[in-house]
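*Asks:* Each chain is listed here by its residues.
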Amino acid sequence: MSPTVKLILLLGMSAVSAFMSCGPDAGPVERLNVTESIQRLPGIDPDYSDTVIPPNIAPMNFRIDEPGLRYVAHVHPADGNGMVISAGDGRICFPVSPWKRLLNGNRGRAIYIDIYAEYEKNRWRRFEPVSIRIAPDSIDTFLAYRLIEPQYKYYHQMGLYQRNLENFSETCFLHNRVTGDNCMNCHTFYQNRARNMIFHMRSGAASGTMLIRDGQIKKINTATDFNRAGAYAFWHPDGKRIVFSVNKLKQFFHATGESRDVLDMGSDLILYDIRSNTVTTDPGISDPERLETFPSWSPDGRYLYFCSAAEFESFFTDKGDLLYDDIRYDLMRVPYDAETGIFGPRETVISSEETGQSILMPRISPDGKYLMFCMCRYGNFPVYRPDSDLYVLDLAGGRYFDPGINSDVSADSYHSWSGNSRWVVFSSKRDNGLCARPYISYLDRDGRFHKPFVVPQKDPEFYTTFLKTYNVPEFSRDPVPFRWQNLVRAAFDNERMLNAKPDTGVQTGRVPDKTPAEEEWKQKPPR
Amino acid sequence: MHSQEGVSRQQRNGVWNFIPLAVFIFIVLYTWLRIDPGLIHQFQDPLFLLDSVFFRSGLHYPGGLADYAAAFLSQFLVIPWLGAFIITILSILLYLLTSRLIGLLSGTKNRALYACIPVMCLPVLYGRYDHSLAVDLGLLLTLFVFILFIRYRPRSMVIRLLLYLAAVCVLYLAAAGHMLLFAVLTGLYDALHSKQAAALRLLSVFFTVLIAMIIPFLSVQLLFMIPVKQAFLYTLPFSGTCRPPCVPWLLYGFFPLLVILVSPYVTGPVREGWKRMVPAGICVLLVMLGTLAEISFDRKTNKMMRMDRYACRGQWAEIVDMAEKTFVPEVWFTYFTNRALYHTGRLPEDMFRYAQVWGTDGLFLPEEYTYRWPMLRSDLLLELGYVNESQHMACEGLSQMGEKPRILRRLAVIHLLKGEKQAAMTALLKLRKTLFHKNWANKFIGAAESDSLLQKDPELKRIRTVMPRSDFILVPEKPLMDMENLLKNRDNRMAFEYLMTGCLLEGDLDSFIGHIQKINSLNYPAIPRHFEEAMILYMMLSGQKRLDLPGRQTDPRTVERYQELRSILARHGGRKEAARKELSGNHRDTFWYYLLYIKPVISDE
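Quick note, the sequences are listed as chains A and B, same order. According to my numbering, the first sequence is numbered sequentially starting from 30. According to my numbering, the second sequence is numbered sequentially starting from 2.
Keep in mind that the hints were calculated from the coordinates and are not lab data. Any given hint could be a false lead.
Computed list of lysine-lysine pairs in DSS-like fashion (alpha-carbon distance at most 25 Å, straight line) [unchecked claim]:
#1 K434/B x K487/A
#2 K497/A x K405/B
#3 K439/B x K462/B
#4 K462/B x K497/A
Rough simulated footprint, nothing fancy, chain B against chain A, three-plus residues with beta-carbon under 8 Å [as the list claims (entries may be wrong)]:
#5 170 to 183
#6 201 to 212
#7 275 to 286
#8 460 to 471
Cβ atoms here follow ideal geometry from the backbone N, Cα and C, with glycine treated the same way.
Kindly generate the complete structure, drawing on both the sequences and the hints.
*Replies:* In structure tokens form, the structure reads like this:
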């Protein structure tokens, strides 16, 4: 068959398919001639069965993975009619308004999706109903992430995006084609509010840390005479200072399995004071004999949690071989007094010796009850570790546990809490092992996590061919407030860039006396 | 008399009318046989998906629709004759539109010759291989809209400006920077051809320019997240890669110049003189452009893509044949030659017959190729069974060049080899939406679902057998160490030959001898010639009488050649430069010659 004929046929088929799929009401399901009842759940993709979803989530469109000529899905509450969707190609797409009404009317209750497949002309199969529970708690409206190709060494195009979770609207709030093709990442919001955020850009004239505070944009160079520019960041709850890690990372490659890996050759933490434009640090968070990274404040701002391992050089053998797979990080914390700016002594919260794994990316729920973190066999880059899983530390009880939301073989890594502490979004490669997708899980009031679901897309087959990875998913309650044009202007305006000043006490080695503070922290038992 | 002049003019016109035909014949033959559209396809590797998402992606930036149409057409360039046909059709359309424009502007019927000028620019542009069909489509659309605009030009200035605004918006969305050409043409037309009062004409020109300047600016402010330069110039071929750079200016300058020259303001006598001069001048110009096409033709890229296409099709003998007939002083040339020599079983026998002036880079390509031509490195690494690094290179390609069929196919194959079916499906399902890769994708989807891939594809089966079983860490700056690691894992003949020839290229005889024992487990019928040469040299330098390779003997002819080389050197008192001329006769294709004369130069550089 010639390519032209193929094209015409394919276009025709596409048109027919588009007409058939995602159609509205196909009429009452009672009219269907159901001749078989299948005693199992139907195959659907994405698999939304038995999930708990927010009442304000966009329609959970899916594709029916069962043989058939036509399909019908009847979604309804336990005691209501709901709506009926038909599809010629198995793609079930719910209209937005009825979907919203259905969810809002059934908060805290389950809805069911009865699926029918026409396996022969006018002969239908019915499957066990798919059950989805609607949580009483809403989810933050927006999800911000970076979209990149599965990346190795070089990059070209990347962008920071924002998805409205209540519908399918996705906007790119900054793309590197307008910032000189540089690298951009680590967007960090202050308490789930995009009005205050920071992110970094690296390489080229636009490189620096962009600080957006109450809608005002400033470019900061956080590098000083004694530290590199900051990387992983976390806002202090007072909104006046930000803790950064400063890392010296190096990528390397394996011959089998996941190719990519990362070495942390030197990491410390620094504290940037927005008001005074000053960078400071403390031996407790930048011990020359330790690596410190992934900082995270407790919601009351009294503790700084971070991950720490022995210094890089200590992992070399006498023969000069690097035991890279022995590098494991402990979860640690230091007390902090925001009024005096004094750090207390560090303490180990969970030891890698105890877990046998490297503990990374701690994030505490805004209500202060749980700390979620990643654990993988070794190293500091969980997204490249297929064995990376998420764990949760009950801060009141002091025990950590597997929340039961991990995949068996692929990396589950970067995570973020919703403002109400009820939802967690995390990057998971469970779909194909290659590209991370944003998965969301519900934490109920009994402290149980529920089966995660992938962020729904208008086209239920969207993820099957999407070759970009969702990087650093972060919830926010409001949209990113700036116009990209203003941000680009600020990014290239290096004359107005703020060069952070080093804390002279640290620079000259006159680290503030710790003794009184240490005594003070000893008197206050850790939470 | 009058009648004779008329006949003579008709005859002349008849002759001129054959010129376009000659031009089109030239274009079809030149693009088909000289440029080879298949190589443009090889260079650009366009991806066109038959789905609405791909179409919508063309609406996300100005010029996206031209890119979409170009992506559709470009995929047919893979068939060289069809590609030449498409380019010729575009040329004919350009000719017809130009001709119509000349007719509308000047009323003349003798326009065939003039209309050939822009057409003859196209072979020059296509000879660079990176020329996008979107440029031609944008130009054609612009001319079409401009012809409509002056053909059905309303008298009212307000209506005209409104129509102009609509035309500019459509053109901008479809072809981005080409809108500026339309604006220039419209402005010039209003200024020079309009019969309105001077003030009105000036006002019209002012608004024409203003609107053309504002639209890209507003599009950046309100609609598209793109750099200002892209907003104004996207799809115009002024990026600076064209050689000579005047050709795009000639192509795009022709039309404004045309509007100026046929205007009533260019006085009668000048026009008359011009008319007499022009036909001959144009013929000269056309010949010059034809010659320019050949002069500016990108021979290097042509050869590189030709070799790449042969390699993709496994036509290794053709590559060796190319290497016999020609030499390009580029590392990729040696890389392709060495790969082809390996596949024809001649690498350790004959590699020094060909210029090995790049050292081990001629085997593995230098690091800069990771971002310039990652798929070349990916190809070699896959053949070596080094699938993770092949995947690495393919992913670099994905980052640098976006989704291309070749990259998607590679990723699919690698993931299937690694047993990562779901990851493979992501690429395969995408390829299934294409016209030309659909069958391939379906075959692999079927094979993946039935786990019968290795039965269906012997090459993949071979790669599976040489893939590393246990992990090691890549040392990017030391590819020979990777070859050693690959050999530790498996009996990998290709890795062995690349390691051993790499040792020879580095002049590292100790490492070479350290690995020579492996030759026994790899079933070589005899010791390859270059290996013998290295062994003999090692024995001479180390004072060893023999090397212990059970069951194998050095070919006496190689020993003889070595004795001859030594005696030539001795005749020249051991002065190697003095002996060079004589040695280059019989010994130029030996490892010894390489070590004496080529290697020191490489090392110095």
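*Asks:* Each hint: holds or not?
*Replies:* Against the structure, the hints come out as follows:
Proposed proximity of K434/B and K487/A is supported: the alpha carbons are some 19 Å apart, at most 25 Å. Note on K497/A and K405/B: the hinted pairing holds, with a Cα-Cα distance of about 14 Å set against a maximum of 25 Å. Restraint check: the Cα-Cα separation between K439/B and K462/B comes to about 22 Å, which is no more than 25 Å; the hinted pair holds. Using a Cα cut-off of 25 Å, the hinted pair K462/B and K497/A is violated, with the two alpha carbons roughly 29 Å apart.
Closer than 8 Å: that is the beta-carbon criterion, and the segment 170 to 183 of chain A has 7 residues meeting it against chain B, so the requirement of 3 holds. For a cut-off of 8 Å, the count of residues in the segment 201 to 212 of chain A with a CB near a CB of chain B stands at 5, and the three-residue condition holds. With 6 residues bearing a CB less than 8 Å from a CB of chain B, the segment 275 to 286 of chain A meets the requirement of three and the coverage assertion stands. Three residues within the 8 Å Cβ limit are the bar, and the segment 460 to 471 of chain A against chain B gives 5, so the coverage statement holds.
In the structure shown, a violation is registered for the earlier hint numbered 4 alone.
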